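Colleague: Sequences and hints are given; from them, build the entire structure.
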Amino acid sequence: MKYTFLFICLCITLFVSGQTQVELQLQLLTPDVIGEATIDQESTFPWMKEVNNAITAQLEKEKGDKDILVFVTIHRNRPPEVTVAGRPEVNKNTARQLTTSILKLKSPKTKYSDYSFAVIAKVNEGGDKSDKFLPAYTLPDAAEIARFQKLEMGAKLKDLQTTMREEILPIAAVYETTVDAKFKGVLRVGKFVSEGNYVSTIEDLTDKNPDYWRAVLEMSSGNQLIPFTKACMHIEKGELGIAQNLLFIMNFFSEENTLPAMYMTEISRKIDLILADLTVEINKGMALHDKGKYNEAIKLYENLLKTFPYSAWLNYELYFSKAMQIDDPALSGQEWDRFKSIIYACDPMYPINAKATSGKEGYLLFRRHEVANLFKEKDKIKHDIVEFADIAFELENYSYAAQIYWLILSYFSEEEYGNRNMLAHFLYCLDKLGDQKIKENFTLDTETEFKKLEQEHRKVMEESSIYQSFKEKE
593 MKYTFLFICL
603 CITLFVSGQT
613 QVELQLQLLT
623 PDVIGEATID
633 QESTFPWMKE
643 VNNAITAQLE
653 KEKGDKDILV
663 FVTIHRNRPP
673 EVTVAGRPEV
683 NKNTARQLTT
693 SILKLKSPKT
703 KYSDYSFAVI
713 AKVNEGGDKS
723 DKFLPAYTLP
733 DAAEIARFQK
743 LEMGAKLKDL
753 QTTMREEILP
763 IAAVYETTVD
773 AKFKGVLRVG
783 KFVSEGNYVS
793 TIEDLTDKNP
803 DYWRAVLEMS
813 SGNQLIPFTK
823 ACMHIEKGEL
833 GIAQNLLFIM
843 NFFSEENTLP
853 AMYMTEISRK
863 IDLILADLTV
873 EINKGMALHD
883 KGKYNEAIKL
893 YENLLKTFPY
903 SAWLNYELYF
913 SKAMQIDDPA
923 LSGQEWDRFK
933 SIIYACDPMY
943 PINAKATSGK
953 EGYLLFRRHE
963 VANLFKEKDK
973 IKHDIVEFAD
983 IAFELENYSY
993 AAQIYWLILS
1003 YFSEEEYGNR
1013 NMLAHFLYCL
1023 DKLGDQKIKE
1033 NFTLDTETEF
1043 KKLEQEHRKV
1053 MEESSIYQSF
1063 KEKE
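The numbers in the numbering used here rise by one with no breaks, and the one at position 367 of the sequence shown is 959.
Since the hints were made in silico from the structure, they are not lab data.
Since the model is a prediction, treat every value here as computed from it, not as a measurement.
Honestly, I wouldn't trust all of these hints.
Cβ-Cβ distance ranges computed for the label pairs, FRET-style [to be verified]:
#	residue 1	residue 2	range
1	SER813	HIS975	16 to 26 Å
2	ASP772	THR793	18 to 28 Å
3	GLU1039	ASP920	41 to 51 Å
4	GLN633	ILE944	32 to 42 Å
5	LYS742	SER860	14 to 24 Å
6	GLU642	ASN895	26 to 36 Å
7	GLU1006	GLU642	55 to 65 Å
8	GLN633	HIS975	45 to 55 Å
9	ASP632	GLU858	21 to 31 Å
Ideal Cβ placement from N, Cα and C applies to all residues, glycine included.
Modeller: Dropping the structure here:
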(Lines of atoms letter the chains of each structure in order from A and count residues from 1; the text may use other names and numbers.)
(Lines give C-alpha, C1' and ligand atoms only; values in the text may rest on other atoms or scores of the structure.)
Protein backbone atom coordinates (compact mmCIF):
# COMPACT_ATOMS: atom_id res chain seq x y z
CA MET A 1 0.00 0.00 0.00
CA LYS A 2 1.29 3.43 -0.90
CA TYR A 3 1.26 6.23 1.59
CA THR A 4 2.70 9.70 1.43
CA PHE A 5 5.21 10.13 4.22
CA LEU A 6 5.33 13.79 5.07
CA PHE A 7 8.18 14.43 7.40
CA ILE A 8 8.16 17.75 9.16
CA CYS A 9 11.29 17.94 11.20
CA LEU A 10 11.04 20.85 13.53
CA CYS A 11 14.22 21.20 15.52
CA ILE A 12 13.11 23.67 18.13
CA THR A 13 15.51 24.70 20.81
CA LEU A 14 13.57 26.39 23.53
CA PHE A 15 15.28 28.14 26.38
CA VAL A 16 12.47 27.08 28.69
CA SER A 17 12.56 24.48 31.43
CA GLY A 18 16.15 23.57 30.81
CA GLN A 19 16.38 24.02 27.02
CA THR A 20 14.04 21.21 25.99
CA GLN A 21 14.46 20.31 22.35
CA VAL A 22 11.51 18.84 20.42
CA GLU A 23 11.71 17.31 16.96
CA LEU A 24 8.48 16.29 15.22
CA GLN A 25 7.78 13.91 12.38
CA LEU A 26 4.32 13.77 10.83
CA GLN A 27 3.34 10.51 9.18
CA LEU A 28 0.13 10.23 7.16
CA LEU A 29 -1.43 6.83 7.74
CA THR A 30 -4.32 7.05 5.30
CA PRO A 31 -3.33 6.21 1.71
CA ASP A 32 -3.23 9.13 -0.73
CA VAL A 33 -5.95 7.73 -2.96
CA ILE A 34 -8.39 7.74 -0.03
CA GLY A 35 -7.15 10.93 1.60
CA GLU A 36 -7.43 13.01 -1.56
CA ALA A 37 -11.11 12.11 -1.85
CA THR A 38 -12.17 12.35 1.78
CA ILE A 39 -10.48 15.46 3.21
CA ASP A 40 -10.57 19.12 2.39
CA GLN A 41 -6.86 19.89 2.19
CA GLU A 42 -7.35 23.64 2.63
CA SER A 43 -8.81 23.17 6.10
CA THR A 44 -7.17 19.91 7.16
CA PHE A 45 -3.48 20.65 6.58
CA PRO A 46 -3.51 24.00 8.46
CA TRP A 47 -5.30 22.23 11.34
CA MET A 48 -2.63 19.52 11.33
CA LYS A 49 -0.03 22.28 11.71
CA GLU A 50 -1.98 23.53 14.73
CA VAL A 51 -1.89 20.00 16.14
CA ASN A 52 1.90 20.00 15.75
CA ASN A 53 2.10 23.34 17.53
CA ALA A 54 -0.12 22.10 20.37
CA ILE A 55 2.04 19.00 20.82
CA THR A 56 5.22 21.07 20.80
CA ALA A 57 3.78 23.50 23.37
CA GLN A 58 3.02 20.62 25.73
CA LEU A 59 6.26 18.74 25.25
CA GLU A 60 8.51 21.76 25.74
CA LYS A 61 7.61 21.40 29.42
CA GLU A 62 8.92 17.83 29.58
CA LYS A 63 12.20 16.79 31.17
CA GLY A 64 14.57 14.04 30.08
CA ASP A 65 14.94 11.98 26.91
CA LYS A 66 11.86 10.33 25.45
CA ASP A 67 9.79 9.63 22.34
CA ILE A 68 6.10 10.47 22.26
CA LEU A 69 3.73 8.95 19.70
CA VAL A 70 0.38 10.65 19.06
CA PHE A 71 -2.22 9.03 16.80
CA VAL A 72 -5.04 11.24 15.52
CA THR A 73 -8.07 10.12 13.53
CA ILE A 74 -10.68 12.53 12.22
CA HIS A 75 -14.17 11.36 11.33
CA ARG A 76 -17.12 12.41 9.24
CA ASN A 77 -19.64 12.79 12.04
CA ARG A 78 -17.90 12.85 15.42
CA PRO A 79 -14.92 14.48 17.20
CA PRO A 80 -11.36 13.28 16.54
CA GLU A 81 -9.84 10.36 18.40
CA VAL A 82 -6.44 10.83 20.01
CA THR A 83 -4.16 8.10 21.35
CA VAL A 84 -0.87 8.80 23.14
CA ALA A 85 2.02 6.41 23.84
CA GLY A 86 5.59 6.95 24.98
CA ARG A 87 9.05 5.44 25.11
CA PRO A 88 9.44 5.26 28.10
CA GLU A 89 5.73 5.20 28.95
CA VAL A 90 4.27 8.67 29.13
CA ASN A 91 2.67 9.65 32.43
CA LYS A 92 -1.11 9.92 32.48
CA ASN A 93 -1.09 13.66 33.14
CA THR A 94 1.04 14.38 30.06
CA ALA A 95 -1.13 12.09 27.92
CA ARG A 96 -4.28 13.83 29.16
CA GLN A 97 -2.85 17.29 28.51
CA LEU A 98 -1.76 16.34 25.00
CA THR A 99 -5.18 14.89 24.21
CA THR A 100 -7.03 17.88 25.66
CA SER A 101 -4.89 20.41 23.79
CA ILE A 102 -5.63 18.69 20.47
CA LEU A 103 -9.35 18.26 21.10
CA LYS A 104 -9.65 21.96 22.00
CA LEU A 105 -8.72 22.84 18.44
CA LYS A 106 -11.58 23.25 15.98
CA SER A 107 -11.07 20.18 13.86
CA PRO A 108 -12.21 19.57 10.30
CA LYS A 109 -14.50 16.69 9.41
CA THR A 110 -13.92 14.20 6.63
CA LYS A 111 -16.30 13.99 3.68
CA TYR A 112 -16.60 10.22 3.70
CA SER A 113 -14.16 7.88 5.47
CA ASP A 114 -11.83 8.34 8.44
CA TYR A 115 -8.45 9.99 8.01
CA SER A 116 -5.54 9.13 10.31
CA PHE A 117 -2.05 10.43 10.94
CA ALA A 118 0.64 10.05 13.57
CA VAL A 119 2.98 12.58 15.12
CA ILE A 120 6.26 11.18 16.42
CA ALA A 121 7.94 13.57 18.84
CA LYS A 122 11.58 13.18 19.85
CA VAL A 123 12.19 15.00 23.11
CA ASN A 124 15.86 15.90 23.63
CA GLU A 125 17.86 12.74 22.77
CA GLY A 126 14.77 10.58 22.43
CA GLY A 127 13.94 7.29 24.11
CA ASP A 128 15.75 3.97 23.97
CA LYS A 129 15.03 2.55 20.50
CA SER A 130 15.04 -0.99 21.88
CA ASP A 131 12.07 -0.20 24.13
CA LYS A 132 8.45 -0.48 23.04
CA PHE A 133 5.99 2.38 23.09
CA LEU A 134 3.67 2.10 26.08
CA PRO A 135 0.82 1.73 26.64
CA ALA A 136 0.54 -0.67 23.74
CA TYR A 137 -1.26 0.94 20.82
CA THR A 138 -3.26 -0.38 17.90
CA LEU A 139 -2.93 1.06 14.41
CA PRO A 140 -6.17 2.52 12.99
CA ASP A 141 -6.80 -0.31 10.51
CA ALA A 142 -6.42 -2.97 13.21
CA ALA A 143 -8.51 -0.91 15.63
CA GLU A 144 -11.30 -0.76 13.06
CA ILE A 145 -11.32 -4.55 12.66
CA ALA A 146 -11.30 -4.97 16.45
CA ARG A 147 -14.29 -2.61 16.73
CA PHE A 148 -16.13 -4.47 13.97
CA GLN A 149 -15.40 -7.86 15.50
CA LYS A 150 -17.21 -6.91 18.71
CA LEU A 151 -20.48 -6.23 16.91
CA GLU A 152 -23.38 -8.69 16.92
CA MET A 153 -23.76 -10.66 13.67
CA GLY A 154 -26.63 -8.63 12.20
CA ALA A 155 -25.00 -5.38 13.32
CA LYS A 156 -21.82 -6.39 11.50
CA LEU A 157 -23.73 -6.70 8.23
CA LYS A 158 -25.53 -3.38 8.72
CA ASP A 159 -22.25 -1.69 9.62
CA LEU A 160 -20.56 -2.99 6.46
CA GLN A 161 -23.53 -1.97 4.33
CA THR A 162 -23.39 1.53 5.81
CA THR A 163 -19.67 1.72 5.08
CA MET A 164 -20.35 0.86 1.44
CA ARG A 165 -23.16 3.39 1.11
CA GLU A 166 -21.67 6.32 3.03
CA GLU A 167 -17.93 5.90 2.61
CA ILE A 168 -16.48 3.60 -0.02
CA LEU A 169 -18.97 3.98 -2.88
CA PRO A 170 -18.96 7.80 -2.61
CA ILE A 171 -15.15 7.75 -2.79
CA ALA A 172 -15.29 5.48 -5.84
CA ALA A 173 -17.76 7.90 -7.41
CA VAL A 174 -15.36 10.81 -6.82
CA TYR A 175 -12.82 9.18 -9.10
CA GLU A 176 -15.38 7.91 -11.60
CA THR A 177 -16.98 11.34 -12.08
CA THR A 178 -13.72 13.26 -12.48
CA VAL A 179 -12.12 11.34 -15.36
CA ASP A 180 -11.58 12.82 -18.81
CA ALA A 181 -14.78 13.37 -20.80
CA LYS A 182 -13.71 10.77 -23.37
CA PHE A 183 -14.24 8.01 -20.78
CA LYS A 184 -18.01 8.08 -21.11
CA GLY A 185 -18.56 4.65 -19.61
CA VAL A 186 -16.68 5.46 -16.41
CA LEU A 187 -18.48 8.80 -16.10
CA ARG A 188 -21.87 7.13 -16.43
CA VAL A 189 -21.02 4.52 -13.83
CA GLY A 190 -19.91 7.31 -11.50
CA LYS A 191 -23.16 9.14 -12.15
CA PHE A 192 -25.47 6.31 -11.12
CA VAL A 193 -23.27 5.48 -8.13
CA SER A 194 -23.27 9.09 -6.92
CA GLU A 195 -27.05 9.27 -7.35
CA GLY A 196 -27.36 6.27 -5.02
CA ASN A 197 -30.46 4.70 -6.61
CA TYR A 198 -28.93 1.39 -7.58
CA VAL A 199 -29.56 -1.28 -4.94
CA SER A 200 -32.76 -2.62 -6.53
CA THR A 201 -31.38 -2.42 -10.07
CA ILE A 202 -27.76 -3.56 -9.80
CA GLU A 203 -28.09 -6.15 -12.56
CA ASP A 204 -29.68 -3.66 -14.97
CA LEU A 205 -27.07 -0.98 -14.20
CA THR A 206 -24.09 -3.33 -14.51
CA ASP A 207 -24.55 -6.75 -16.12
CA LYS A 208 -27.06 -5.58 -18.73
CA ASN A 209 -25.69 -2.09 -19.22
CA PRO A 210 -23.32 -1.39 -22.17
CA ASP A 211 -22.04 1.68 -20.29
CA TYR A 212 -20.81 -0.55 -17.48
CA TRP A 213 -18.89 -2.80 -19.87
CA ARG A 214 -17.54 0.21 -21.70
CA ALA A 215 -16.25 1.45 -18.34
CA VAL A 216 -14.58 -1.91 -17.69
CA LEU A 217 -12.75 -1.56 -21.01
CA GLU A 218 -11.83 2.08 -20.41
CA MET A 219 -10.03 1.63 -17.09
CA SER A 220 -6.25 1.43 -17.15
CA SER A 221 -4.59 -1.92 -16.62
CA GLY A 222 -4.31 -2.81 -12.95
CA ASN A 223 -7.10 -0.53 -11.78
CA GLN A 224 -10.19 -2.65 -11.09
CA LEU A 225 -12.30 0.31 -9.94
CA ILE A 226 -15.36 -0.63 -12.01
CA PRO A 227 -15.83 -4.27 -10.91
CA PHE A 228 -14.84 -3.14 -7.40
CA THR A 229 -17.69 -0.65 -7.50
CA LYS A 230 -20.04 -3.42 -8.57
CA ALA A 231 -18.84 -5.62 -5.69
CA CYS A 232 -19.48 -2.80 -3.20
CA MET A 233 -22.99 -2.32 -4.58
CA HIS A 234 -23.72 -6.01 -4.03
CA ILE A 235 -22.37 -5.76 -0.47
CA GLU A 236 -24.66 -2.84 0.27
CA LYS A 237 -27.58 -4.97 -0.93
CA GLY A 238 -26.38 -7.86 1.24
CA GLU A 239 -25.31 -10.09 -1.65
CA LEU A 240 -22.06 -11.17 -0.08
CA GLY A 241 -21.59 -14.27 -2.25
CA ILE A 242 -21.55 -12.34 -5.53
CA ALA A 243 -19.31 -9.69 -3.97
CA GLN A 244 -16.86 -12.29 -2.66
CA ASN A 245 -16.53 -13.83 -6.12
CA LEU A 246 -15.68 -10.44 -7.64
CA LEU A 247 -13.23 -9.50 -4.90
CA PHE A 248 -11.55 -12.89 -5.19
CA ILE A 249 -10.75 -12.59 -8.88
CA MET A 250 -9.85 -8.88 -8.67
CA ASN A 251 -7.22 -9.65 -6.07
CA PHE A 252 -5.07 -11.32 -8.72
CA PHE A 253 -5.07 -8.26 -10.98
CA SER A 254 -5.21 -5.13 -8.78
CA GLU A 255 -2.17 -2.89 -8.57
CA GLU A 256 -1.29 -2.01 -5.00
CA ASN A 257 -1.71 1.77 -5.31
CA THR A 258 -5.29 1.69 -6.59
CA LEU A 259 -8.45 2.33 -4.58
CA PRO A 260 -9.67 -1.30 -4.79
CA ALA A 261 -6.34 -2.59 -3.50
CA MET A 262 -6.52 -0.21 -0.53
CA TYR A 263 -9.91 -1.51 0.55
CA MET A 264 -10.12 -5.15 -0.52
CA THR A 265 -8.27 -6.65 2.44
CA GLU A 266 -10.43 -4.84 5.01
CA ILE A 267 -13.67 -5.59 3.17
CA SER A 268 -12.80 -9.26 2.71
CA ARG A 269 -11.83 -9.56 6.37
CA LYS A 270 -15.15 -8.07 7.47
CA ILE A 271 -17.11 -10.38 5.18
CA ASP A 272 -15.18 -13.34 6.61
CA LEU A 273 -16.11 -12.26 10.14
CA ILE A 274 -19.79 -11.97 9.21
CA LEU A 275 -19.79 -15.37 7.52
CA ALA A 276 -17.96 -16.95 10.46
CA ASP A 277 -20.80 -15.80 12.73
CA LEU A 278 -23.37 -17.06 10.23
CA THR A 279 -21.60 -20.43 10.02
CA VAL A 280 -21.98 -20.88 13.78
CA GLU A 281 -25.73 -20.30 13.48
CA ILE A 282 -26.19 -22.52 10.42
CA ASN A 283 -24.31 -25.30 12.19
CA LYS A 284 -26.91 -25.11 14.96
CA GLY A 285 -29.59 -25.71 12.37
CA MET A 286 -27.67 -28.59 10.84
CA ALA A 287 -27.37 -30.19 14.29
CA LEU A 288 -31.14 -29.99 14.66
CA HIS A 289 -31.55 -31.45 11.18
CA ASP A 290 -29.24 -34.36 12.00
CA LYS A 291 -31.41 -35.14 15.03
CA GLY A 292 -34.48 -35.24 12.82
CA LYS A 293 -35.81 -31.97 14.25
CA TYR A 294 -36.59 -30.57 10.81
CA ASN A 295 -39.24 -28.05 11.86
CA GLU A 296 -36.92 -26.54 14.46
CA ALA A 297 -34.13 -26.34 11.90
CA ILE A 298 -36.50 -24.71 9.39
CA LYS A 299 -37.60 -22.16 11.98
CA LEU A 300 -33.97 -21.30 12.77
CA TYR A 301 -33.08 -20.95 9.07
CA GLU A 302 -36.12 -18.81 8.30
CA ASN A 303 -35.25 -16.50 11.17
CA LEU A 304 -31.68 -16.14 9.89
CA LEU A 305 -32.98 -15.41 6.38
CA LYS A 306 -34.61 -12.24 7.70
CA THR A 307 -31.08 -10.85 8.03
CA PHE A 308 -29.30 -12.89 5.36
CA PRO A 309 -31.81 -13.46 2.53
CA TYR A 310 -28.98 -13.70 -0.01
CA SER A 311 -27.00 -16.51 1.62
CA ALA A 312 -26.80 -19.42 -0.83
CA TRP A 313 -25.77 -21.85 1.90
CA LEU A 314 -28.56 -20.79 4.23
CA ASN A 315 -31.16 -21.17 1.48
CA TYR A 316 -29.75 -24.57 0.60
CA GLU A 317 -29.99 -25.83 4.18
CA LEU A 318 -33.57 -24.55 4.36
CA TYR A 319 -34.37 -26.52 1.20
CA PHE A 320 -32.65 -29.63 2.56
CA SER A 321 -34.64 -29.64 5.81
CA LYS A 322 -37.89 -29.03 3.94
CA ALA A 323 -37.11 -31.76 1.41
CA MET A 324 -36.61 -34.30 4.19
CA GLN A 325 -40.30 -33.93 5.03
CA ILE A 326 -41.45 -34.66 1.47
CA ASP A 327 -41.96 -38.33 0.64
CA ASP A 328 -43.07 -37.88 -2.97
CA PRO A 329 -39.95 -37.71 -5.25
CA ALA A 330 -41.84 -35.60 -7.77
CA LEU A 331 -42.78 -33.03 -5.15
CA SER A 332 -39.23 -33.09 -3.80
CA GLY A 333 -37.98 -32.37 -7.30
CA GLN A 334 -40.38 -29.46 -7.63
CA GLU A 335 -39.13 -28.10 -4.32
CA TRP A 336 -35.55 -28.22 -5.58
CA ASP A 337 -36.51 -26.51 -8.83
CA ARG A 338 -38.02 -23.70 -6.77
CA PHE A 339 -35.05 -23.36 -4.45
CA LYS A 340 -32.24 -23.69 -6.96
CA SER A 341 -33.21 -20.46 -8.70
CA ILE A 342 -33.02 -18.72 -5.31
CA ILE A 343 -29.72 -20.36 -4.36
CA TYR A 344 -27.97 -19.68 -7.66
CA ALA A 345 -29.22 -16.10 -7.70
CA CYS A 346 -27.45 -15.66 -4.35
CA ASP A 347 -24.25 -17.24 -5.68
CA PRO A 348 -24.18 -18.52 -9.27
CA MET A 349 -20.95 -20.40 -8.47
CA TYR A 350 -22.42 -22.24 -5.46
CA PRO A 351 -20.84 -25.73 -5.56
CA ILE A 352 -23.89 -27.86 -4.73
CA ASN A 353 -26.69 -29.23 -6.86
CA ALA A 354 -29.23 -31.44 -5.09
CA LYS A 355 -29.96 -33.65 -8.04
CA ALA A 356 -28.93 -34.41 -11.61
CA THR A 357 -31.36 -36.27 -13.87
CA SER A 358 -29.58 -35.83 -17.18
CA GLY A 359 -26.10 -35.89 -18.63
CA LYS A 360 -26.03 -32.11 -18.88
CA GLU A 361 -27.11 -31.63 -15.26
CA GLY A 362 -24.56 -34.20 -14.13
CA TYR A 363 -21.79 -32.50 -16.09
CA LEU A 364 -22.65 -29.07 -14.67
CA LEU A 365 -22.78 -30.51 -11.15
CA PHE A 366 -19.31 -31.95 -11.76
CA ARG A 367 -18.10 -28.55 -12.97
CA ARG A 368 -19.45 -26.84 -9.85
CA HIS A 369 -17.51 -29.28 -7.70
CA GLU A 370 -14.34 -28.74 -9.73
CA VAL A 371 -14.04 -25.17 -8.41
CA ALA A 372 -12.88 -26.60 -5.07
CA ASN A 373 -9.81 -28.08 -6.77
CA LEU A 374 -8.64 -24.79 -8.27
CA PHE A 375 -6.12 -22.25 -6.90
CA LYS A 376 -4.20 -24.71 -4.76
CA GLU A 377 -0.85 -24.50 -6.58
CA LYS A 378 0.90 -21.19 -7.25
CA ASP A 379 2.42 -22.31 -10.54
CA LYS A 380 -1.05 -23.15 -11.88
CA ILE A 381 -2.80 -19.89 -11.02
CA LYS A 382 -3.14 -18.67 -14.60
CA HIS A 383 -4.36 -22.05 -15.79
CA ASP A 384 -6.89 -22.12 -12.96
CA ILE A 385 -8.15 -18.61 -13.72
CA VAL A 386 -8.90 -19.68 -17.30
CA GLU A 387 -10.59 -22.83 -16.03
CA PHE A 388 -12.58 -20.79 -13.51
CA ALA A 389 -13.80 -18.49 -16.28
CA ASP A 390 -14.86 -21.49 -18.36
CA ILE A 391 -16.80 -22.97 -15.44
CA ALA A 392 -18.61 -19.66 -14.92
CA PHE A 393 -19.34 -19.62 -18.66
CA GLU A 394 -20.77 -23.14 -18.65
CA LEU A 395 -22.89 -22.37 -15.59
CA GLU A 396 -24.28 -19.42 -17.58
CA ASN A 397 -22.88 -16.97 -15.06
CA TYR A 398 -22.15 -14.70 -17.99
CA SER A 399 -21.46 -11.49 -16.09
CA TYR A 400 -18.79 -13.09 -13.92
CA ALA A 401 -17.33 -15.02 -16.85
CA ALA A 402 -17.10 -11.80 -18.87
CA GLN A 403 -15.23 -10.05 -16.05
CA ILE A 404 -12.68 -12.88 -15.93
CA TYR A 405 -12.32 -13.28 -19.70
CA TRP A 406 -11.56 -9.57 -20.04
CA LEU A 407 -8.89 -9.81 -17.34
CA ILE A 408 -7.40 -12.81 -19.14
CA LEU A 409 -7.33 -10.85 -22.40
CA SER A 410 -5.70 -7.90 -20.65
CA TYR A 411 -2.98 -9.77 -18.75
CA PHE A 412 -2.31 -13.20 -20.25
CA SER A 413 -0.47 -14.14 -23.39
CA GLU A 414 -2.26 -16.23 -26.02
CA GLU A 415 -0.04 -19.15 -25.07
CA GLU A 416 -1.15 -18.86 -21.44
CA TYR A 417 -4.80 -19.29 -22.38
CA GLY A 418 -4.24 -21.99 -24.96
CA ASN A 419 -4.45 -19.81 -28.09
CA ARG A 420 -8.24 -19.80 -27.80
CA ASN A 421 -10.43 -16.96 -28.95
CA MET A 422 -10.92 -15.25 -25.61
CA LEU A 423 -12.32 -12.12 -27.22
CA ALA A 424 -15.13 -14.22 -28.68
CA HIS A 425 -15.81 -15.66 -25.22
CA PHE A 426 -15.95 -12.17 -23.71
CA LEU A 427 -18.26 -10.82 -26.40
CA TYR A 428 -20.43 -13.94 -26.32
CA CYS A 429 -21.06 -13.37 -22.61
CA LEU A 430 -22.05 -9.76 -23.25
CA ASP A 431 -24.32 -10.90 -26.07
CA LYS A 432 -26.07 -13.29 -23.68
CA LEU A 433 -26.51 -10.36 -21.27
CA GLY A 434 -28.20 -8.38 -24.03
CA ASP A 435 -25.30 -6.07 -24.88
CA GLN A 436 -25.08 -5.56 -28.65
CA LYS A 437 -22.97 -2.39 -28.54
CA ILE A 438 -19.55 -3.43 -27.23
CA LYS A 439 -18.93 -5.92 -30.04
CA GLU A 440 -19.17 -3.03 -32.53
CA ASN A 441 -15.76 -1.89 -31.26
CA PHE A 442 -14.08 -5.08 -32.49
CA THR A 443 -13.52 -6.52 -35.96
CA LEU A 444 -14.73 -10.03 -35.32
CA ASP A 445 -17.15 -12.27 -37.18
CA THR A 446 -19.15 -12.84 -34.02
CA GLU A 447 -21.80 -15.03 -35.61
CA THR A 448 -19.19 -17.52 -36.82
CA GLU A 449 -17.01 -17.32 -33.71
CA PHE A 450 -19.96 -17.69 -31.36
CA LYS A 451 -21.03 -20.89 -33.09
CA LYS A 452 -17.48 -22.21 -32.88
CA LEU A 453 -17.14 -21.69 -29.16
CA GLU A 454 -20.58 -23.17 -28.50
CA GLN A 455 -19.51 -26.26 -30.40
CA GLU A 456 -16.19 -26.40 -28.52
CA HIS A 457 -17.83 -26.32 -25.10
CA ARG A 458 -20.56 -28.74 -26.12
CA LYS A 459 -17.98 -31.19 -27.46
CA VAL A 460 -16.10 -31.14 -24.13
CA MET A 461 -19.34 -31.80 -22.25
CA GLU A 462 -20.55 -34.59 -24.53
CA GLU A 463 -17.20 -36.39 -24.39
CA SER A 464 -17.06 -36.29 -20.58
CA SER A 465 -17.61 -39.56 -18.72
CA ILE A 466 -20.18 -37.89 -16.47
CA TYR A 467 -22.33 -36.89 -19.42
CA GLN A 468 -21.96 -40.31 -21.02
CA SER A 469 -23.00 -42.11 -17.82
CA PHE A 470 -26.57 -40.78 -18.03
CA LYS A 471 -29.16 -42.45 -20.22
CA GLU A 472 -31.02 -39.16 -20.50
CA LYS A 473 -28.56 -36.67 -22.01
CA GLU A 474 -30.45 -33.38 -21.81
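Colleague: All hints are to be evaluated individually against the structure, with a verdict given for each.
Modeller: Evaluation of the provided hints:
1. SER813 to HIS975: 16 to 26 Å: Hint holds: Cβ distance 21 Å, inside 16 to 26 Å.
2. ASP772 to THR793: 18 to 28 Å: Taking Cβ atoms as reference, ASP772 and THR793 lie about 27 Å apart, which means the hint holds.
3. GLU1039 to ASP920: 41 to 51 Å: Since GLU1039 and ASP920 have Cβ atoms about 46 Å apart, the given range 41 to 51 Å holds.
4. GLN633 to ILE944: 32 to 42 Å: With a Cβ separation near 51 Å, GLN633 and ILE944 fall outside 32 to 42 Å, so the hint is violated.
5. LYS742 to SER860: 14 to 24 Å: 19 Å, holds
6. GLU642 to ASN895: 26 to 36 Å: Given a distance of about 52 Å, which is not inside 26 to 36 Å, the answer is violated.
7. GLU1006 to GLU642: 55 to 65 Å: Check passed, 58 Å falls within 55 to 65 Å.
8. GLN633 to HIS975: 45 to 55 Å: 46 Å, holds
9. ASP632 to GLU858: 21 to 31 Å: At 24 Å between Cβs, range holds.
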